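The task is simple: from the sequences and hints, build the whole structure.
Numbered by my numbering, the letters in the sequence shown go through residues 439 to 793 in order.
Note that these hints are calculated values from the structure, not bench results. As the structure is a computational prediction, the values presented were derived from the model and not from experiment. Misleading hints may appear alongside valid ones.
Dumping the calculated BS3-like pairs for lysine-lysine here, alpha-carbon to alpha-carbon at most 27 Å [said to hold, decoys possible]:
(1) K731 / K697
(2) K628 / K731
(3) K750 / K765
(4) K487 / K596
(5) K750 / K698
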Amino acid sequence: MFNFLDNLIGNLKLNSKIKTIFLLVMPIFLIGIIITGLALNQILTSSYKSEVTSKALLAMETMNSVREYTSNHVRPELVDRLKSEFLPETVPAYSATEVFKNLTANPNYQNFSYKEATVNPTNPRDQADEFETQLIQQFRRQQDVEELRGFRSSARTKSFYIAHPLKVSQASCLECHGNVSDAPQSLIDKYGTEGGFNWELGQIVGAQIVSVPADQIQQQTKQAIKVTMGFMLAFLATMVITVILVNLSLQRYVIRPIKKVARAAESISHKDFDLSLLRPVQSRLDELGHLAKVFQNMADQVYTREQQLEQKVTELKVKIDHNRKEKEVKEIVNTDFFKDLENRAQSLRKRHKKS
439 MFNFLDNLIG NLKLNSKIKT IFLLVMPIFL IGIIITGLAL NQILTSSYKS EVTSKALLAM
499 ETMNSVREYT SNHVRPELVD RLKSEFLPET VPAYSATEVF KNLTANPNYQ NFSYKEATVN
559 PTNPRDQADE FETQLIQQFR RQQDVEELRG FRSSARTKSF YIAHPLKVSQ ASCLECHGNV
619 SDAPQSLIDK YGTEGGFNWE LGQIVGAQIV SVPADQIQQQ TKQAIKVTMG FMLAFLATMV
679 ITVILVNLSL QRYVIRPIKK VARAAESISH KDFDLSLLRP VQSRLDELGH LAKVFQNMAD
739 QVYTREQQLE QKVTELKVKI DHNRKEKEVK EIVNTDFFKD LENRAQSLRK RHKKS
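Given below as structure tokens:
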């Protein structure tokens, strides 16, 4: 990866490198946000579905407890009155349904619904619709299946459901749902003889179904995603602002001072030792200020050595000229012509003295 970055931005200036890295990181971060959002949608949907499922199962267990209490405690106490008066409160399904209505007053369960759907019900309100009938038939085909769950769609809404089989598990149930002739007269007077009879012990006669609108799960999921994505976008905005501020700070406190030092170095290469542009950098107390001071000292030393070198070169040139002149004189003196001329001059001086 670093080799790729070196090949990509190795020849760019420092400022361009920072901008390029930022442009490379931003798409990666945006892709990360999208992937996180999708994953979060799945996780939150599953989480809320699990929460709704837990509530539905708890409600169903509560209704089963109500059914058992009604069957084992309420009905035996009122069995004598059933001969002359039918009391729906003695029917487990009725008690469970009415108790669940009270439960929906709780905000946590206000959107839940409960139904003991039956293909052959005593009370018409418990009549299974087409979808519920399919669930009951599936329970009958697969006796080992204890629970079905999923989504169902109707003309108006889509809901998530959990269904358990309703089985005739006690012989006391057949007192009202066995043969018509054995049923209490008060029950027949209220509901007639058309439905709710000829059940058998151990038979699956219906399904206990708890439902909740699917849009509730979706709304909770969307709300959580909005909040989470809001935080992530705020983090992204903070990151962008931070990068911009860092870039501006680098421009002001790093890149521009470095450029001044670089221009000073270029001026030295052209034998221009006016380094006044370094003074603002030298006044800083950070590493770049120290660098500028060191560079100034180095430039002063270079200038001094340059001057010394020029002086030595000048002296060397003078010495070389003097030596060259001496050599030229010696060469002239040592020539035959000069020696002959010198001899003639000596002869002339001698003659002049004799005369």
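Do the hints match the structure? See the list:
1. The suggested pairing of K731 with K697 holds, with an alpha-carbon distance near 15 Å, which does not exceed 27 Å.
2. Using a Cα cut-off of 27 Å, the hinted pair K628 and K731 is violated, with the two alpha carbons roughly 107 Å apart.
3. With a C-alpha separation of about 22 Å, the suggested pairing of K750 with K765 holds against the 27 Å cut-off.
4. Taking the CA atoms of K487 and K596, the gap is about 14 Å. The hint holds against a cut of 27 Å.
5. Between the alpha carbons of K750 and K698 the distance comes to roughly 32 Å, so the proposed pair goes past 27 Å and is violated.
Comparing the model with each numbered hint stated earlier shows that hints 2 and 5 do not hold.
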